[in-house]
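Throw the hints in and build the complete structure from the sequences for me.
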Amino acid sequence: MAILDRGRIDEVYVLMGPSSLSAQLPGTHTMRQNILDTIDRAQDHLLIVGYMLNSEEVFQRVVSKCSTVRVQVHLDRRQTRGDGHASRMANDLAKAGAEVKLHDAFEGSMHAKVIVADEHEAIVGSANFTHSGSHRNLEAGIRLRGPSVAVLRNAMLSMFEQMEA
132 MAILDRGRID EVYVLMGPSS LSAQLPGTHT MRQNILDTID RAQDHLLIVG
182 YMLNSEEVFQ RVVSKCSTVR VQVHLDRRQT RGDGHASRMA NDLAKAGAEV
232 KLHDAFEGSM HAKVIVADEH EAIVGSANFT HSGSHRNLEA GIRLRGPSVA
282 VLRNAMLSMF EQMEA
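The opening position of the sequence shown corresponds to residue 132 in this note's numbering, with each subsequent residue numbered one higher.
Treat the hints as calculated values from the structure; they're not laboratory data.
Take these hints with a grain of salt, some might be off.
[To be verified] Okay, the calculated beta carbon distance ranges per label pair:
#1 V143 x S198: 27 to 33 Å
#2 G215 x R267: 16 to 22 Å
#3 S151 x E238: 35 to 41 Å
#4 V143 x E238: 27 to 33 Å
#5 T159 x R212: 30 to 36 Å
#6 E295 x A227: 21 to 27 Å
#7 M294 x H176: 18 to 24 Å
#8 D214 x L269: 18 to 24 Å
#9 A225 x M294: 30 to 36 Å
For clarity, every value in this text was computed on a predicted model and none was experimentally measured.
All C-beta atoms in this analysis are idealised placements derived from N, C-alpha and C, irrespective of residue type, glycine included.
Next up, the structure:
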């Protein structure tokens, strides 16, 4: 599917989970594998936004990028600190070189689930970066490639700057 934006085209792919069901749905791609592939494709910078990260699979992929890519991770402080596994992963990501920020400067929780690789590819969806979000829950999202990815990345980073001001 393509969306025309000022003469440039975005590619949009429908993602579904869990993988065991989405593999049987015509025209869809698996959420889990696309999350991992998007992380792998980052060459300059990687932005991860979610309420918590406690999926070992996602964690390992992000850590593997920390030595070669600028990695920025924005998570919900309350949710992350309330889960021992997620708290350890956030600390370990920071030790590996990621810029990890835990947010609590707003009324609700960090509900966005976004991954942006190099302003070229993004995933936006319902799946949290947890084992359940990757393997069990019914999830939906999109993988986006094209000029709108830079708009999404800049909007997310601007929002965080405003929250910290």
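Here is what the structure says about each hint:
1. V143 x S198: 27 to 33 Å: 32 Å, holds
2. G215 x R267: 16 to 22 Å: Holds: the Cβ-Cβ distance is about 20 Å, inside 16 to 22 Å.
3. S151 x E238: 35 to 41 Å: At 37 Å between Cβs, range holds.
4. V143 x E238: 27 to 33 Å: 31 Å, holds
5. T159 x R212: 30 to 36 Å: 35 Å, holds
6. E295 x A227: 21 to 27 Å: Taking Cβ atoms as reference, E295 and A227 lie about 23 Å apart, which means the hint holds.
7. M294 x H176: 18 to 24 Å: 20 Å, holds
8. D214 x L269: 18 to 24 Å: 21 Å, holds
9. A225 x M294: 30 to 36 Å: Violated: the Cβ-Cβ distance is about 19 Å, outside 30 to 36 Å.
Hint 9 from the earlier list is the only one contradicted by this structure; the remaining hints agree with it.
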